[in-house]
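Asker: Assemble the whole structure, with the sequences as input and the hints as a guide.
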Amino acid sequence: MLELKKLDGLSPELYERVGPLVMNPAVLRQNNNYPYKTSKNFVWFLLLMEGRVTAFIPLESMNARQLKLDNYYVSATGGREKQLSFLLRAILEEYGAEREILALAHKRDVDVFVKWGFFVVNELVNYSKLVFKRE
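In my numbering, the protein residues as written are 22 to 156.
Heads up, none of these hints are tricks.
The following label-pair restraints were derived from C-beta to C-beta distances:
id	residue 1	residue 2	range
1	Val152	Asn52	14 to 24 Å
2	Val141	Glu37	31 to 41 Å
3	Val141	Pro33	30 to 40 Å
4	Asn147	Glu102	10 to 20 Å
5	Gln51	Leu25	20 to 30 Å
6	Met44	Leu69	17 to 27 Å
7	Pro33	Val135	33 to 43 Å
8	Pro41	Arg155	28 to 38 Å
9	Val142	Glu24	26 to 36 Å
Derived DSBU-like pairs (lysine-lysine); straight-line CA-CA distance at most 30 Å:
id	residue 1	residue 2
10	Lys136	Lys154
11	Lys136	Lys150
12	Lys128	Lys89
13	Lys61	Lys26
14	Lys89	Lys136
15	Lys58	Lys136
16	Lys27	Lys103
17	Lys26	Lys128
18	Lys103	Lys136
19	Lys26	Lys150
Keep in mind the hints are simulated off the structure, nothing from the lab. Since we're looking at a predicted model, the values are computed, not measured. Using N, Cα and C, we set each Cβ at its ideal position, and we do this for glycine too.
Answerer: Shown next as structure tokens:
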């Protein structure tokens, strides 16, 4: 059963739940060896299966109108598109009507973001920059 958990960027529970993942060399490789970061300006959406974190998306509040989605993780097992869609749906339900969401997505995930209403604004080597905003 899928469970969604939303945690503040400095929550002790966040460190407890994602620490083993973000310090795992295989997870870091999947993120092109870029470290994960957090602060009081972040809120994290975690996807749990049987109590274990299998995916997460941290959102950084840039200002009153913009959020930045970057350095997310989705496990290779359990259906990557399904997990990412579950998290994106929750984020858009909560913030999509009121805030623009800037995203830096792995090339392999761009189609999923586009299905949820994001559009590509810039192509990079390993990533695409996307934006979601309701008109």
